[in-house]
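A.B. asks: So you can see what is in the structure, the chains are spelled out below.
There are 2 protein chains.
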Amino acid sequence: MSTIDPGDRSLAADLPGLDLITDSDVLDSLSHDDAEWAPTGRPVGAIRARTTEEVTAIVAACAARRIPVVARGAGTGLSGGANAVDGGLILDLSRMNRIVEIDPDNMIAIVQPGVVNDDLKAAVAAHGLWYPPDPASAPWSTIGGNVATNAGGLCCLKYGVTRDYVLGLQAVVGGPAGPYGTAVRAGRRTTKGVAGYDLVGLFVGSEGTLGVVTEVTLRLRPARTAAPRTVVGAFDNVVAAGNAVAATTRAGLLPTALELLDRACLRAVEDWKHLGLSATAEALLLAQVDTPGEAGHDEAAALAQVFRDAGAQWAEHSTDELEAEALFAARRLAYPAMERLGPVLTEDVCVPRSAVPAMLASIEAIGARHGIAIATVAHAGDGNLHPLIRTRTGDETAREAAQKAFDEILTEAIALGGTVTGEHGVGLLKRAGMRQELDPPALSMMQALKRTLDPLDLFNPGKVIGL
Amino acid sequence: MSTIDPGDRSLAADLPGLDLITDSDVLDSLSHDDAEWAPTGRPVGAIRARTTEEVTAIVAACAARRIPVVARGAGTGLSGGANAVDGGLILDLSRMNRIVEIDPDNMIAIVQPGVVNDDLKAAVAAHGLWYPPDPASAPWSTIGGNVATNAGGLCCLKYGVTRDYVLGLQAVVGGPAGPYGTAVRAGRRTTKGVAGYDLVGLFVGSEGTLGVVTEVTLRLRPARTAAPRTVVGAFDNVVAAGNAVAATTRAGLLPTALELLDRACLRAVEDWKHLGLSATAEALLLAQVDTPGEAGHDEAAALAQVFRDAGAQWAEHSTDELEAEALFAARRLAYPAMERLGPVLTEDVCVPRSAVPAMLASIEAIGARHGIAIATVAHAGDGNLHPLIRTRTGDETAREAAQKAFDEILTEAIALGGTVTGEHGVGLLKRAGMRQELDPPALSMMQALKRTLDPLDLFNPGKVIGL
Numbered sequence: 355m356s357t358i359d360p361g362d363r364s365l366a367a368d369l370p371g372l373d374l375i376t377d378s379d380v381l382d383s384l385s386h387d388d389a390e391w392a393p394t395g396r397p398v399g400a401i402r403a404r405t406t407e408e409v410t411a412i413v414a415a416c417a418a419r420r421i422p423v424v425a426r427g428a429g430t431g432l433s434g435g436a437n438a439v440d441g442g443l444i445l446d447l448s449r450m451n452r453i454v455e456i457d458p459d460n461m462i463a464i465v466q467p468g469v470v471n472d473d474l475k476a477a478v479a480a481h482g483l484w485y486p487p488d489p490a491s492a493p494w495s496t497i498g499g500n501v502a503t504n505a506g507g508l509c510c511l512k513y514g515v516t517r518d519y520v521l522g523l524q525a526v527v528g529g530p531a532g533p534y535g536t537a538v539r540a541g542r543r544t545t546k547g548v549a550g551y552d553l554v555g556l557f558v559g560s561e562g563t564l565g566v567v568t569e570v571t572l573r574l575r576p577a578r579t580a581a582p583r584t585v586v587g588a589f590d591n592v593v594a595a596g597n598a599v600a601a602t603t604r605a606g607l608l609p610t611a612l613e614l615l616d617r618a619c620l621r622a623v624e625d626w627k628h629l630g631l632s633a634t635a636e637a638l639l640l641a642q643v644d645t646p647g648e649a650g651h652d653e654a655a656a657l658a659q660v661f662r663d664a665g666a667q668w669a670e671h672s673t674d675e676l677e678a679e680a681l682f683a684a685r686r687l688a689y690p691a692m693e694r695l696g697p698v699l700t701e702d703v704c705v706p707r708s709a710v711p712a713m714l715a716s717i718e719a720i721g722a723r724h725g726i727a728i729a730t731v732a733h734a735g736d737g738n739l740h741p742l743i744r745t746r747t748g749d750e751t752a753r754e755a756a757q758k759a760f761d762e763i764l765t766e767a768i769a770l771g772g773t774v775t776g777e778h779g780v781g782l783l784k785r786a787g788m789r790q791e792l793d794p795p796a797l798s799m800m801q802a803l804k805r806t807l808d809p810l811d812l813f814n815p816g817k818v819i820g821l
Numbered sequence: 355m356s357t358i359d360p361g362d363r364s365l366a367a368d369l370p371g372l373d374l375i376t377d378s379d380v381l382d383s384l385s386h387d388d389a390e391w392a393p394t395g396r397p398v399g400a401i402r403a404r405t406t407e408e409v410t411a412i413v414a415a416c417a418a419r420r421i422p423v424v425a426r427g428a429g430t431g432l433s434g435g436a437n438a439v440d441g442g443l444i445l446d447l448s449r450m451n452r453i454v455e456i457d458p459d460n461m462i463a464i465v466q467p468g469v470v471n472d473d474l475k476a477a478v479a480a481h482g483l484w485y486p487p488d489p490a491s492a493p494w495s496t497i498g499g500n501v502a503t504n505a506g507g508l509c510c511l512k513y514g515v516t517r518d519y520v521l522g523l524q525a526v527v528g529g530p531a532g533p534y535g536t537a538v539r540a541g542r543r544t545t546k547g548v549a550g551y552d553l554v555g556l557f558v559g560s561e562g563t564l565g566v567v568t569e570v571t572l573r574l575r576p577a578r579t580a581a582p583r584t585v586v587g588a589f590d591n592v593v594a595a596g597n598a599v600a601a602t603t604r605a606g607l608l609p610t611a612l613e614l615l616d617r618a619c620l621r622a623v624e625d626w627k628h629l630g631l632s633a634t635a636e637a638l639l640l641a642q643v644d645t646p647g648e649a650g651h652d653e654a655a656a657l658a659q660v661f662r663d664a665g666a667q668w669a670e671h672s673t674d675e676l677e678a679e680a681l682f683a684a685r686r687l688a689y690p691a692m693e694r695l696g697p698v699l700t701e702d703v704c705v706p707r708s709a710v711p712a713m714l715a716s717i718e719a720i721g722a723r724h725g726i727a728i729a730t731v732a733h734a735g736d737g738n739l740h741p742l743i744r745t746r747t748g749d750e751t752a753r754e755a756a757q758k759a760f761d762e763i764l765t766e767a768i769a770l771g772g773t774v775t776g777e778h779g780v781g782l783l784k785r786a787g788m789r790q791e792l793d794p795p796a797l798s799m800m801q802a803l804k805r806t807l808d809p810l811d812l813f814n815p816g817k818v819i820g821l
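Chains as they are written, first to last, in my numbering: chain G, 355 to 821; chain Z, 355 to 821.
These aren't lab readings, by the way, just hints derived from the structure by calculation.
Cβ coordinates follow ideal geometry from the N, Cα and C atoms, glycine included.
Take these hints with a grain of salt, some might be off.
Just a few of them, taken from the derived set where beta-carbon distance is under 10 Å, the chain G residues facing chain Z [said to hold, decoys possible]:
(1) Asp472
(2) Asp473
(3) Ala479
(4) Leu483
(5) Leu608
(6) Leu695
(7) Val705
Distance windows between CB atoms, simulated [as the list claims (entries may be wrong)]:
(8) Z/Ala769 to G/Asp518: 24 to 34 Å
(9) G/Arg404 to Z/Ala479: 37 to 47 Å
(10) G/Gly771 to Z/Arg404: 46 to 56 Å
(11) Z/His481 to G/Ala722: 12 to 22 Å
(12) Z/Ala479 to G/Gln801: 38 to 48 Å
(13) Z/Ile453 to G/Pro533: 17 to 27 Å
(14) G/Arg604 to Z/His628: 52 to 62 Å
(15) Z/Pro393 to G/Pro809: 49 to 59 Å
(16) G/Thr579 to Z/His628: 20 to 30 Å
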């Protein structure tokens, strides 16, 4: 993999001033995202683009040679969506990390795709504004990657997902828009707008299969004035915690976040970070309420009561801000903490909220049946569960059992009226599950859209609908 | 128009049990929406469908004969999107008005397209739930029509538009999905989901040009517990009111609704309904705040202060619920009240909020230049303005002047970074404006999507992207 063939050398010749990376160590590091077990192809090289014009030239040159283009940001994806494909170019957008504009009067920001989510949050906070989408990867993941997967996070329960914040974008495309390498602007700067089809919504969540997004116009919200309140409940088992989740919705309560952490996750974080968490319960529910004033106090108290009524060992409206921060930090660190312990196969099913207890019970049963450890962390209030299936490096039997458990969890989620992916995307790992989930005519329509907008199958081929 | 040719009679023969309406009076009433001046074609007939299966049969039969299908709900559209086309069938969905399911545990409703917006609101309210999108036409317009145009309304400032509430849908389509008449399910019941491309988002706002939507799965919210507070400000002129709108956003305030009514609109409503409104100011701003408790009181007070600082004659945090209701009723009645006075050409531009004062000044200047009366009602907080251009029946000179003013308003909105349609849709009236607004490659992509998903150009041909 340290040399590329002469045909590919001509790609470099066509792109003067751009550094075509062919060093095998660097290529290896750029060839995959955070998804365990997703296959990785052998790329011809990588380029770190800095401007839309460079992306335009790169896409045109690749199209001329039929070299697939796989765009990537920080590589924090969990479905293999950014994994290299054989003979393809890796287009690294992490250096396109400029915040182009913050417009406080209209509460919008325009950013390049490589801007890190938390960096954007900090920049707009200085203007009294807030960008809500908060995937657990927010300290590292980029807006481009968030847009590619329609990333969710903790606070989407109340504030929605990435798609709800993307007003407009610029993308480098081919096909009906013009020759490959054409830059197109879709969407708008206004809060409302219905002039033509929703191209923006189509690109969000398309995982780089329809073009390369080079600029994003984002809607912002006013910064929250009051510190959010935290409610914590401890439960004897995850299913009991799931019952409390269902009861929360039934009570008409809409916290900002409603997260579930099981004992294995809590312990993994504590062993790593020593945050001072005690893990006496089998499952914790963490809720955040941001309604200001007395009404927020009442909402938090009502939530704690719902937890108690659902059988919590204890439930508290936390008054200790440090403790609350530690708990949410633990939630965010659950995935990397588990990853430290060995290979993890991450699930991302989403079921109707009323089905959360049943789904959690099924996950336990599936783990027991295959004799494997499944830790669970969840955006439980959204019905979005992340069972983390653990294995041991080099243990092929355990790996096969994990794969079976993975597939059974997907099947069960579909049976409960859910989806195989709530926020991580299809990438490579969920392609079979997606086919199982979708109505066949809908899949045919998606494939037709891909063929229409990318007739050369140049952009991230094989991912998502995987022609 | 009272007879149809033999070729079309065979359509009726193919659809036993379905009543093909050919009575010219009935056809006339079903041939247009509420858009003045949009051209109306001569249909071959109309059918009032009651089930998805009937729609399936109708679409298949029409496809076999290349008879275009124009779906319609209540006909309250304002862009001609539901107007009949020559030789086409009118597919009236207003009888498909069943609420299929209300699921309080998951806060969703599944409805047929003919359900009236306010009827849905009332039905879910009985379960302690709320369906926020509230176009002024809510007492009459259907969810199907709301989905077709991605309808907005008053409270979208804080709670979003129709697209934000559509989780899933069923549509009868043709092309890549299968033979014309294939029913496809897209989307989901869960709050999150990223399995494949966003077909749902693509259908919402496509104005019936990609297929016929026969069922919609909607996200709901918990009912609001506190009665909203109303803040009213009176201004010397509409531009001053516009300045207050811009100042509201700048102050980080996010009321539920922020509406503008000028004197002409207020007077037209009062002359008609005698609500007891006094119209001493040139423009009123009506805001609603639904933050509960003391924080809501503070927010309303801050808003009144912003109005005063921006030069309001007076601004009050209304404590009289009846008065507040009368003012919002007046806002909702503004359009029909103006329509009573003669033909009205309704605009629907949306500009960045900071450009609202400039846009209002331009509208005044354009009216003065052409010597025509333009009344303005606006979802001002969204930057979504509805200048109502008045003419007199039979006055061709006035009509031409109105058309010129209409076009100039669109051009000005685009120049200010806005869009030609915020929520009414493109239909027939905004086709030229949309072409002016869109990046040409984006238009080409939309046309390619239409050709791909509706290769026969069967569904509402000539509307929106208008092949």
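A.B. asks: State for each hint whether it applies.
C.D. replies: Against the structure, the hints come out as follows:
| no. | hint | in the structure |
| --- | --- | --- |
| 1 | Asp472 | violated (21 Å) |
| 2 | Asp473 | violated (21 Å) |
| 3 | Ala479 | violated (12 Å) |
| 4 | Leu483 | holds (8 Å) |
| 5 | Leu608 | holds (6 Å) |
| 6 | Leu695 | violated (27 Å) |
| 7 | Val705 | holds (6 Å) |
| 8 | Z/Ala769 to G/Asp518: 24 to 34 Å | holds (28 Å) |
| 9 | G/Arg404 to Z/Ala479: 37 to 47 Å | violated (54 Å) |
| 10 | G/Gly771 to Z/Arg404: 46 to 56 Å | violated (26 Å) |
| 11 | Z/His481 to G/Ala722: 12 to 22 Å | violated (37 Å) |
| 12 | Z/Ala479 to G/Gln801: 38 to 48 Å | holds (41 Å) |
| 13 | Z/Ile453 to G/Pro533: 17 to 27 Å | violated (49 Å) |
| 14 | G/Arg604 to Z/His628: 52 to 62 Å | violated (45 Å) |
| 15 | Z/Pro393 to G/Pro809: 49 to 59 Å | violated (35 Å) |
| 16 | G/Thr579 to Z/His628: 20 to 30 Å | violated (42 Å) |
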